[in-house]
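**Q** Chain by chain, the residues:
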Amino acid sequence: MELLLFGIAKDIVGESVIDLSDKDCLPTSVAELKKLLAAAYPDFSKLSSLAIAVNSEYADDDVVLDKDDEIAIIPPVSGG
Amino acid sequence: MELLLFGIAKDIVGESVIDLSDKDCLPTSVAELKKLLAAAYPDFSKLSSLAIAVNSEYADDDVVLDKDDEIAIIPPVSGG
Amino acid sequence: MEHIVVEIVDEIDTSQVFTDLSHAHSGGICIFVGTVREFTQNEEVVSLEFETYEKMALKEMNKIASDATAKWNLNKVVIRHAVGAKQVEEPVVIVGASSAHRDACFEACRYLIDTLKETVPIWKKEIFKNKTVWVSAHP
Amino acid sequence: MEHIVVEIVDEIDTSQVFTDLSHAHSGGICIFVGTVREFTQNEEVVSLEFETYEKMALKEMNKIASDATAKWNLNKVVIRHAVGAKQVEEPVVIVGASSAHRDACFEACRYLIDTLKETVPIWKKEIFKNKTVWVSAHP
Numbered sequence: 051m052e053l054l055l056f057g058i059a060k061d062i063v064g065e066s067v068i069d070l071s072d073k074d075c076l077p078t079s080v081a082e083l084k085k086l087l088a089a090a091y092p093d094f095s096k097l098s099s100l101a102i103a104v105n106s107e108y109a110d111d112d113v114v115l116d117k118d119d120e121i122a123i124i125p126p127v128s129g130g
Numbered sequence: 051m052e053l054l055l056f057g058i059a060k061d062i063v064g065e066s067v068i069d070l071s072d073k074d075c076l077p078t079s080v081a082e083l084k085k086l087l088a089a090a091y092p093d094f095s096k097l098s099s100l101a102i103a104v105n106s107e108y109a110d111d112d113v114v115l116d117k118d119d120e121i122a123i124i125p126p127v128s129g130g
Numbered sequence: 003m004e005h006i007v008v009e010i011v012d013e014i015d016t017s018q019v020f021t022d023l024s025h026a027h028s029g030g031i032c033i034f035v036g037t038v039r040e041f042t043q044n045e046e047v048v049s050l051e052f053e054t055y056e057k058m059a060l061k062e063m064n065k066i067a068s069d070a071t072a073k074w075n076l077n078k079v080v081i082r083h084a085v086g087a088k089q090v091e092e093p094v095v096i097v098g099a100s101s102a103h104r105d106a107c108f109e110a111c112r113y114l115i116d117t118l119k120e121t122v123p124i125w126k127k128e129i130f131k132n133k134t135v136w137v138s139a140h141p
Numbered sequence: 003m004e005h006i007v008v009e010i011v012d013e014i015d016t017s018q019v020f021t022d023l024s025h026a027h028s029g030g031i032c033i034f035v036g037t038v039r040e041f042t043q044n045e046e047v048v049s050l051e052f053e054t055y056e057k058m059a060l061k062e063m064n065k066i067a068s069d070a071t072a073k074w075n076l077n078k079v080v081i082r083h084a085v086g087a088k089q090v091e092e093p094v095v096i097v098g099a100s101s102a103h104r105d106a107c108f109e110a111c112r113y114l115i116d117t118l119k120e121t122v123p124i125w126k127k128e129i130f131k132n133k134t135v136w137v138s139a140h141p
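Sequence order for the protein chains is G, C, E and X.
Per our numbering, the very first residue in the first sequence carries number 51; after that it's consecutive.
Per our numbering, the very first residue in the second sequence carries number 51; after that it's consecutive.
Per our numbering, the very first residue in the third sequence carries number 3; after that it's consecutive.
Per our numbering, the very first residue in the fourth sequence carries number 3; after that it's consecutive.
Please keep in mind that the hints were generated in silico from the structure rather than gathered at the bench.
Heads up, the beta-carbon is just placed ideally off N, CA and C, and yes, glycines get one too.
Check before you lean on any hint, since a few could be wrong.
To be verified - Pulled a few chain X residues facing chain G out of the computed Cβ check, cut under 7 Å:
#1 Lys57
#2 Met58
#3 Ile115
#4 Thr117
#5 Leu118
#6 Lys119
#7 Val122
#8 Ala139
#9 Pro141
From just these sequences and the hints, can you work out the full model?
**A** Next comes the structure, spelled out in structure tokens:
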């Protein structure tokens, strides 16, 4: 399971990808992943919002995660 | 005193300019000019609207006409 | 007003309008282009023909542009109308505004085209296969 | 939908959009261009830098374009966003719609840019003389 990072999320973590494959227990839902991220990177809580995309679609907290999913952390967007 | 004609007004009259200089009594106001036109060209009364411009500005009925004014008949506009 | 461009032209060059409206203090540019439609009320249009009372049209276009800069905080305004024969898909009018934020340029752009259609002495003749019609002439 | 153009590009060619939106059944084309402003809250911007999650951005842009064609009667829709470094006055985004009558293209164009700013995963970094800021990141 890999997490893609963009914008300020990439700056907070200092990487553009986080590899979770070697973790003992992978998050099984978006909610669990968010909790894990909040614990590991307190600066995420300072952002205006934080969304998760699963297979390049916005995903609600109850979406179930599979180890082959493409998961991305979406900090507040600011296109245009 | 010359009247400039455009669009359907030109088609109704069959000319792009009407020369009134040889008339005995020239219209002294926009209202008088409109009466004169209505009498001479009944088809003007069938138009959605008919405005008069004096020196290239829309002119109300009470605007006074001078023999040196540039006067134009403005049928319904349809630019754009 | 140095930042107002008002023109009657034979052909509209659509690529020019961005240069006209570009401004270092603008974050948004809104442009409207009026083009010739192939059908009017289900009748096939062969072409359109525009004529104008140019001196007065330019005065009225300048008034509209000035009024827009008074109503909204705009950096640049363009109003350009074509005359002569125009074929299907050809541009006949282009109006636009640029501003710091997008609300102003959207509202101003709509105002420019709506007011132009009401007040500027330009006349459009629709040429169909079997007849020609001066648009809006009759009720 | 064959009449939807959705792209992420390095440079926006503003002259292309009229060709993209031209349509024989359209009487109106409305276009919005977002450009780099020199000042943000009175601070001088040196440049902007855009990055995107491209695969997802294209999906979201396609959704917005499809939603617009469902809401309004549109003949063509364009959404094109640039990425990379952009200087003052450069275009960063262009959206537009063409329709038979102007109400639809104006409303759709506004919808396209408003929704793009809310949902499309693109991030803008403002580069000032002494700092850089990810726009909207913090409350």
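**Q** Next step is simple, just say for each hint if it's right about the structure.
**A** Verification of the supplied hints:
1. Lys57: holds, 5 Å
2. Met58: holds, 4 Å
3. Ile115: holds, 6 Å
4. Thr117: Since the shortest Cβ distance to chain G is 10 Å, the answer is violated.
5. Leu118: holds, 5 Å
6. Lys119: holds, 4 Å
7. Val122: holds, 5 Å
8. Ala139: holds, 4 Å
9. Pro141: Check passed: Cβ of Pro141 (chain X) comes within 5 Å of chain G, closer than 7 Å.
Violated hint: 4 only; the structure is consistent with all others.
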